[in-house]
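Asker: Each chain, letter by letter, is given below.
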Amino acid sequence: MKNQGNPYIPHTATIVDTWYETGGERCIKTFKVVFDDPAVRESWSHRPGQCAMIGVLGVGESMISISSSPTEEGYLRFSVMKAGKVTTALHQLEAGDKMTVRGPYGNSFPVEEWKGKKILTIGGGIGQAPLRPIVEYVKANMKDYAGLTMIYGARTSGDLCFKNEFAEAAKCEGVCCHLSIDVAEEGWPHYVGFVPSLLMEVSPSPENTIAITCGPPIMIRFVLENLKKLNFADEQIYTTLENRMKCGIGKCGRCNAGHLYVCKDGPVFSYAQLKNVPEAFA
Amino acid sequence: MTEKPKVGVYVCHCGINIAATVDVEAVTEYAKGLPNVVIARNYAYMCSDPGQLLIKEDIKEKGLNRVVVASCSPRMHEPTFRKALQEAGLNPYFLEMANIREQCSWVHEDREAATEKAKQLVAAAVSKARLLEPLTSREVDAEPSALVIGAGIAGIQAALDIADAGFKVYLVEKSPSVGGRMAQLDKTFPTLDCSACILTPKMVDAANHPNIELFTYSEVEEVSGYIGNFEVKVRKKARYVDVSKCTGCGACAKECRLAGRIPNEFDEGLGKRGAIYLPFPQAVPAKYTIDPEKCLFLTRGKCGKGPKCVEACPAGAIDFEQEDEIVSFRVGAILVATGFDVFDPTKKPEYGYADYPNVITGLEMERLVSASGPTGGNIVIHNGEEEIVPKDIAFIQCVGSRDKSVGNEYCSRVCCMYTAKQAHLVKDKIPDARVRVYYMDVRAFGKGFEEFYDRVRREGIRYVRGNPSEIFRRGNKLVIKVEDTLTATPLEDEVDLVVLAVGLEPRRDARKIIELLRLSQSPDRFFLEAHPKLRPVDTATDGVYLAGCCQGPKDIPDTVAQAKGAAASALIPLARGKVAIDAQVAEVNEATCRGCGFCVSICPYSAIELVTVNRMGHMVEVARVNEALCKGCGSCSAGCLSDSIQPRSFRDRQILPQIAALGGTR
Amino acid sequence: MSEQFEPNIVAFLCNWCSYAGADLAGTSRIQYPANIKVIRVMCSGRVNPLFVVNALQQGADGVLISGCHPGDCHYMEGNFYARRRLKLLKELLEYIGVDPRRFNMSWVSASEGHKWKEVVEKAVEDARAAGPFNQFRRRQIGW
Amino acid sequence: MSAMLLPKDKWPEFTGRLAGKNLFAPALQGGIKKFAPVAAGDTVTLDEGNTTVPPKALLFPQTETLFRFAEGEEGMELPAIDEAAVLLGVRPCDARAMAIVDKLFRWDYEDPYYLKRRELATIIGLACSEPCLNCFCTSVGGGPASTEGLDILMVDLGESYLLEGLTDKGQALLDEFKDLLQEAGADALQRKEQLAQEAAAKIKRSVDTAGIPEALPGLWEDPLWQRVSAACLGCGICTYLCPTCHCFDIQDEVEGAAGRRCRMWDSCMYAEYTKHTSGHNPRPTRRERTRNRINHKYSYYVDKFGVIACVGCGRCSNLCPVNIDLIDILRQVKAAP
Amino acid sequence: MDLNKLRETAAGIVSREDVKYLIGWRRGTFGYRVSPYFIEDAAGVEELIFSPLCISNLATYLTLVERLPVPRGQQPDERKVALLVKGCDSRAVNQLLVEKGINRDRVIVVGLPCPGMVDWKLLAEKYPETEAPVEMRWQGDDFLLVHNGQEIVVPRAEALAEKCRLCRHPNPVISDATVGEPVQPWEPAEDSGVGEIEAKSAPERWAYWEEQFSKCLRCYSCRNVCPLCYCEDCILDRLNPTWVNRAFNFSENTAFHLARAFHLAGRCIECGECERVCPAGIPLGRLNRKLAKTVREEYGFEPGLDAEGEPFQASYRPEDPEEFIL
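Note that the protein sequences, when read in sequence, are chains B, U, H, V and A. For the first sequence, the working numbering assigns the number 1 to the initial residue and increments by one for each residue that follows. For the second sequence, the working numbering assigns the number 283 to the initial residue and increments by one for each residue that follows. For the third sequence, the working numbering assigns the number 949 to the initial residue and increments by one for each residue that follows. For the fourth sequence, the working numbering assigns the number 1092 to the initial residue and increments by one for each residue that follows. For the fifth sequence, the working numbering assigns the number 1429 to the initial residue and increments by one for each residue that follows.
Excised from the complex, chain B in its bound form:
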């Protein structure tokens, strides 16, 4: 079914695989989906950092970052935390079930601009999902970048997403992984503490580096502070914003942080853009 140029009409996609990243009340489930319409499969393209409106007919839609990189072909990946009505309905879906997808929406990480630079990702909890495409993209194009460092933490080891992928990534040349959990657990070989502290521990050099952070607002606030301490310039720091959205295409009005429409002007912003937007971190 073509959307007839109507941006509100979603494509249907079939879930080919799902698994839980984390457990608990606000668990995170990853979906691998494939568009039903071959023409859509053919024409779809997205850039790392973009989002899509995914949903269930009869329930609604939710803006979710596309957590697969364009370099992963043939499917899209979404990692969804169960929170509200739509995400709960999504969590009930299994392989073989349908969901709806429209997009891609928003801007993306300026991967072309960043060529030749070292990439540093700093994630917390579900915040790693928007970072995953840049990680995968850089890994797939390692020759174009000067290195990849990943800092990632969650409350407990059970709350860490993409665990296996970190282990795999760490084996790659030029890739460095640092994991943390908030409270000590038996058998945990990595850092114990909050992500901003781990950042100071790792203490990356700002030299030719782009830092991208995503996670809970409180974490972002401290990460930004610490990056400044590490002498990262505003232009070297990127984050993605998330606000309540309905249309995803700049019409419905609610996602703005100051004059920025997160759905269209974002979700990727440099700190230089955001620092004077008082609502950005509200």
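Hints in this document: simulated from the structure, not taken from any laboratory.
Cβ-to-Cβ under 8 Å is the rule here; a few derived chain V residues that face chain A: (1) GLN1120; (2) THR1143; (3) ALA1321; (4) CYS1326; (5) LEU1332.
Derived CB-CB ranges, DEER-like: (6) B/LYS163 x V/GLY1347: 41 to 49 Å; (7) U/ASN908 x A/PRO1616: 43 to 51 Å; (8) V/THR1368 x B/GLY158: 20 to 28 Å; (9) A/PRO1669 x U/GLU891: 21 to 29 Å; (10) H/GLY1019 x U/ALA862: 27 to 35 Å; (11) V/THR1368 x B/GLU94: 20 to 28 Å; (12) V/ILE1172 x B/ARG41: 27 to 35 Å; (13) U/VAL893 x B/ARG41: 54 to 62 Å; (14) H/PRO1048 x V/GLU1162: 34 to 42 Å; (15) H/GLY1019 x B/GLU94: 50 to 58 Å.
Owing to the predicted nature of the structure, the values given are computational and were not obtained by experimental measurement. Note that CB positions come from ideal geometry on N, CA and C, so glycine has one too.
Starting from the known structure of chain B, arrange chains U, H, V and A on it as the hints suggest.
Answerer: Just chains U, H, V and A now, kept in the frame of chain B:
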């Protein structure tokens, strides 16, 4: 983790009970098209082993996580299917039933309409099933004791059984003595045992049992709590006699100014007593009681120069200062054995009970033939002119039983046999008496009954099939007008004594017990058992059991059997020491609760309280449910303006989809 | 009228009295119209009056609520609350012009299988007389 | 493009014929004035004042179906928006609002529903002669005879109406009524100018909006926001009845196996509007929400689309039950340090 | 009304350290408008007024003000809030106390005996709103309007608000301080609004309310202004379960209004704010007053008269009416 609901729908034929009226195939096919339904089947008897096996296998093989059984009432088989789910490893609360038998196939004739309705009921059940939540029932300690209300043979037997099993029993009897109706009887049918001889030892046992605390002349005043944890308050009425001092010598009764002037209830008013009295010689406890409604001193404040009983009592036991005493205790189970009242024959004025002293009830006859009765066992009656030994005696059966005109459609089950027994006794005591029994049908279904009936007839007692239409007086005789329906001959029978075989009725004060224990009545107004076949001693209130005639008319062996059954049931929570608390209790969403306290006001069980919590730095009050006290009625939730308190399994979000399904908008 | 209108009636019955009474009607094979569809709740006190509004909105032509007789409530007081709340709702519905025959409330005990039949027959007759209630139906999914 | 005169005695025929073209005109409905369909034979009276509900409700309905779907069916069904309509008696401010909102609905992704309706609608404006108490269109770039957003401007000259075709669509409509219309002379046009000036002079309330868009970012933490929002009830009156407010919610409704996704007006004054599912709300109080409302109109919109998203119709000031007065707020903004 | 006395009292209250602010009224920015006014210091009392235009019920602000998360390590501001109340408003305070919506220790109630308020919409037809705010005072039983510099006596019957015509409690029923002498309660008028509807046939009533509810804009001003609609998370906003769809149409609008009216049954203190604020002119007072009438006449209950009273819908009497039950 949020599982996708995978619903299995099982439509039961119930033999032809459902299938004859509801097209079960069509319902099954329809169910297959409902959202989240993975499989729908139908089967002859879902509740049978193979039926349950179907469900269990599908749970395992198809990964079902919700089950809808469309069959009989959930009041019937919900526990059965919950157990099946549990056995298959599924949370038992993932079951929803559609009642397509009692509320569909059995009450509708139009197959098409019934089938359509069944479909909608299934759709509603599926829509709710999808949203059911797993619940875990918790266990709380059960108080290892029981309350038995009523110390007739049922109560005594049950109390003895529970006490013998090693548990404390509080046995509460309204009248001054235990014994109940059985103590009033002379002989028992069909064996002709002496009633008192077999009962008295049990009465004494009950009084002396170390595990039984006996409260006579006492009434249960208040019951709260729930199975395993009932709080009971008993009012020990003032006897005005210190039972610890009273030796039962009887000196007081002899001296009472009213001695021999008050009709004795035990003798059905045939005998007389004083204001201080022992109901009957074998009374247990053998302690005297002052009748506060009759005693001159208590009613008028004056009894001659002073109450004579006080003077007479060698033990100084009379105490006019005594007051009612409230005793509280906790029990894990409650057994109701409050017995029956006999039909009031004045409601059938054609029999002249109110007019003629020689028309008496069967129970009065018991006292008349009893050696311990007012006449010492001699059958002497007053015919309005003189005391005589009756020679022409008629028994009329079914007085107040099987009689729609007085509101009793049921058979009282004992009258045929007690009439036969009394006829036999009359014949025994007055060998030349002519005895007729007017009957419509004789029911002699019990062990030895038919044989006894046969024996009585062979003793020369005439059974005349007919329903007397009138009794009137002619000279010093009573005339019974009746048609012998076997020969279609109108008769007029002149007799000296008419014995009305009055039926059994619920206690006139049964209402009190109903309100106290939240019991229901069956159409006959006796207490309603949880299930007429399978749970005959249980009630709708968990932890409350029925024994004896309070549940329906029955003879002594049946009463004793039921008492033993009820005792065994009551012993289950006591012996386990734990009871499961229903998981379907209310739950508060503290994030939205306004702390208005409406639910606190509403809750009949005081199960909700307001507690202070920290909501993002603000100390606010919110409601909190004590799950052990909550019974899951949900009244709180309908009164909550923010829908913050919801009974599990009956939440708004589970009921609204049912409404949509039944409304047709699913 | 060639064909008689068959109203759709949603009923809320308390588990202990009215639902049991309806079950008794079943075991006694007392016949009554199939228009009535029952939702079992534990107590009539559970019936949020807004259920009635919702049922009328979602396709019911009539709503019936039945509980234990006063004093007989399995939960002691639930039916008293139901009585108060539903009286107010009834007043409100009538006031906005909902035909009063669309809403009935009854006390039916566990032993009143016959009364249940009578109540159902009345509710069905009432709703039939009031006719289809389309004006308030949640708007058919349309444009 | 032509300027024509419609003698008032031809008015009933004019509106009668327009009625066949799916005509909407201001009418009292249950005591509330809004644009309502005009049936053949209805008389259309254009009196003073404006409708309570702005005509945006016709182009951007309060609830509209985006598409329908059904369980087990492939694809979605779109509503057919294919009926042309004529809106008669739209005030210049409300028409300007359409022109302003057009920008948003055309921005990057075209909104097919709004734009299709817009395309199918011919807007006949009515110049104001008696501004209402809270009209301040002239403060925000409009005027009593502003033509922006209109296809035809109509001016009441007393004896007749002056009808000016402003767009091809408008002109085409006028052409259909040639038989009723006469060519307007220069005097008529002069009279129109004069009336517009007179009307503008009657405007009682005004505020100098120059510099406000630039000033607002600097007033982010100013105490004025607390002051002006303290009495706010957080209701949707000011936004729902604002001709430029365009925010919406999207919800799915299901009935049986069928369902629809629809959108409906939403208001930035509601707490839910920005509330995350986590419970976190980036605009937690009425202060932030009021600030956003003013900023959105007077700063963000200017930033994005180069125009103030307020046409000075005065509805928000008029209808606020607690006297939160936009004109007063703007004056306070101007006065703030 | 001695405004100086009122301002003096107010100044005394807001000067206290344990008082956050006093909520009163001040002249609006134009016409007949009056604005709720939050006074934090003694200087602010100069603008405080109490006039026949002060119709709004300020009690709603006791619960409307958001409770923001308190940052870790900080204490919430627990200072008292002072509030000016008329008779009807004071009943809202009582009802809030009954349902623990407010804490008695945190409110200072300043009672103002109320001679009756003006419905400015009635006035505006004759004396249009002006750019400058108008002034009004009580003069005897009537009102004195200062309009375009002219003093006009407006007879009471011409401008008295409907809720005031029906008022049974013009004097505050709860207060910590009272300014002004108690007024002599007047005979409440027959509720012709409710009576008119009651007199209609069922289809006529339906037609009436269908027209009314159809024009509802669902702006929620009626709910938000109501001092007794203060759930932080109103069930009518909720999506799971959905009681009322967000879509605007007659069915959903009606469900919304029925739910709102029902939730206020036995709680509504008849301040009339819902009707006053409705931009669509829906006579919501007639809805609420009908239920209030039932509650009063059939149950002998009037909410908001006793802060210690019981909540109507969370209580019962065994002898409650049940003639409607089969």
